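Colleague: Produce the complete structure using the sequences and hints provided.
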Amino acid sequence: MAFRMTPTLAAWGATLALLAPGAAQAQVQAGPGTWSANQTWANDTVNGGALTGYYYWPATQPALAGKRALVIVLHGCAQTAAGDVINSATDGGFNWKAAADQYGAVVVAPNATGNVYGSHCWDYARTTRNRSTGHDGILLDLVNRFVNNTQYAIDPKQVYITGLSSGGGQTMALGCIAPDIFAGTGINAGPPPGTTTAQIGYVPAGFTATTASNKCTQWAGSYAPSFSTQIASVIWGTTDYTVAQAYGPMDAAAMRLSYGGSFTQSAAVPVATGGSDIQYKDSNGKVRTSQITVTGMAHAWPAGTGGQNASYVDATKVNYPMFLMNFWSTNNLRVAQVPAPVMASCSATVSGSTVTVMGAGSSVGGSVTSYKVVLNGPTPVNDAAAGSSASFSKQYASRADGNYSGTVTATDSVKGLTSAVCNIPGFLVGSPPAVLPPSGLAIGTKTASSIALSWSAASGATGYNVYRNGVKVNASPVAGTAFTDTGLAASTTYSYQASTLAGTSESGLSGAVQGTTNSSFTCTTTNSSNYAHVQAGRAYNSGGYALATGSNQNMGLNNTFYTNTLAQTSAGYYVIGNCP
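Just so we're aligned, residue 3 is where the sequence shown starts under the numbering used here, counting upward by one.
Worth flagging that the hints you see were computed from the coordinates, not collected in a lab.
Source: prediction; values computed, not measured.
Keep in mind that the hints are not guaranteed to be accurate.
Said to hold, decoys possible - Below 30 angstroms or equal to it, Euclidean Cα-Cα: the simulated DSSO-like pairs (lysine-lysine) are:
hint: 1; residue 1: K217; residue 2: K283
hint: 2; residue 1: K396; residue 2: K448
hint: 3; residue 1: K448; residue 2: K474
hint: 4; residue 1: K283; residue 2: K396
Claimed, not checked - Distance ranges between label pairs, derived from CB positions:
hint: 5; residue 1: S458; residue 2: P434; range: 18 to 24 angstroms
hint: 6; residue 1: N425; residue 2: S268; range: 41 to 47 angstroms
hint: 7; residue 1: N425; residue 2: T212; range: 29 to 35 angstroms
hint: 8; residue 1: G368; residue 2: N117; range: 52 to 58 angstroms
hint: 9; residue 1: A338; residue 2: N425; range: 56 to 62 angstroms
hint: 10; residue 1: S452; residue 2: A338; range: 32 to 38 angstroms
hint: 11; residue 1: S364; residue 2: A207; range: 55 to 61 angstroms
No residue lacks a Cβ here, since even glycine has one placed at the ideal position from N, Cα and C.
Modeller: As structure tokens, this is what we get:
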């Protein structure tokens, strides 16, 4: 069964707003900003073959809560990830690259395993479903691989799934089966739970949103309470004659029934290229579903300008990837949406040996509970209770002579969020020191337990000291202009400064630089017989079958004739297939 369409969309001109990143969040590791080579992940023991596909790891920073979103994108029947979803040098595919870059999201595009329904579809119409077998199992395993790999910095509260046609049906199915995993869905022309492959073009007699919702909540089982924080987007075209258009509003209504409670329908918002978006809010005023009807759109993935314009992808109407990222990020119910407070100003004045630090800040979500003052210099200050409210001024007496620098941050009263640092311009107390701090302090090579630093030579220096988070870390003066700090914790951010020694005199501290250690765990793979895996502890025996340790995936009979590749994605946790 192949789902057919005719591309007829027109470009959507509206620009969607991007949530500003949390200003005080630490930087996460930048990716290559390109689609990966074809990957091989878990074996599919139900449909046959191994799950393959591609992922996009952006070089940009995440847009929400300082961690990356993970988006699973499912192609439709008669499509492939390589041919239709991912960007290439000459083809924009589903047009996910631009949205991933803008929101700093990791996007994964898998290929449907087996030859389901004769057109390499996703098995959305499977009647018996669970979280460990078939397409449900391998896709949830795929999510787990990326969430558990710390280098991607995925936020488990920002995992989403979307797809077209059979991929849309599979999206809705997984949103029902695993509402605890998926914070949001994007259902594009997807037949609802409980329909068969013969019913894609019409709604069977007696089938309603309640029918679909009952199946959805049945699949959710004990995970149904997580529906309270899930959101859903549904989209379809007015000239789609492959999947019944009535399934669009039915999908959205079924999800609201599964979410429970009462809802208020918002006024329809016109779509620039023709059509409308209707959103529903729950009793708390939170947006829970969006349903976009696109005028003149056939059975297609709406890629927007820059996307592919053939093979069931249309580049002439709504940019659905950009819409989804904005919808999910703006309305996510699992991540705190209150912005961090903002420092408007900070400064310092000197009178004799007394330094007066002043600052002002504000918080949209409440009020500033506290200001923190940090002064770096001969007599440092680390004061987490410098003041509160809209502004403060505080004196620090008896500061030793020398050069100082510092920062001020504000913390709010609602979520305990902290602002970005406000840098106090460098200032001098007393007479100038005999020697200046080194310049050009920079982070070099990093491992899971060490960070290398270097700096420029200072005039008159006889040595240098290195400070980590304000504490000197070198046992004796550093003779050269480089130092490697060791014994650090993995995946941790440290702040460094350096000072210059001239005989018995020490300069003030240099400006601070930050470095983050690498993850301590490296994913590895082992290809061996099931028997050898069990003997080595990578798997265990259960009723004559070998099950992967940690993931409990069934590898087949526990003997020397069955061979599997196991990837260790974290300590004591193995999955069938290669590393992400």
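Colleague: Run through the hints listed earlier and report the numbers of any the structure violates, in increasing order.
Modeller: 2, 4, 7, 9
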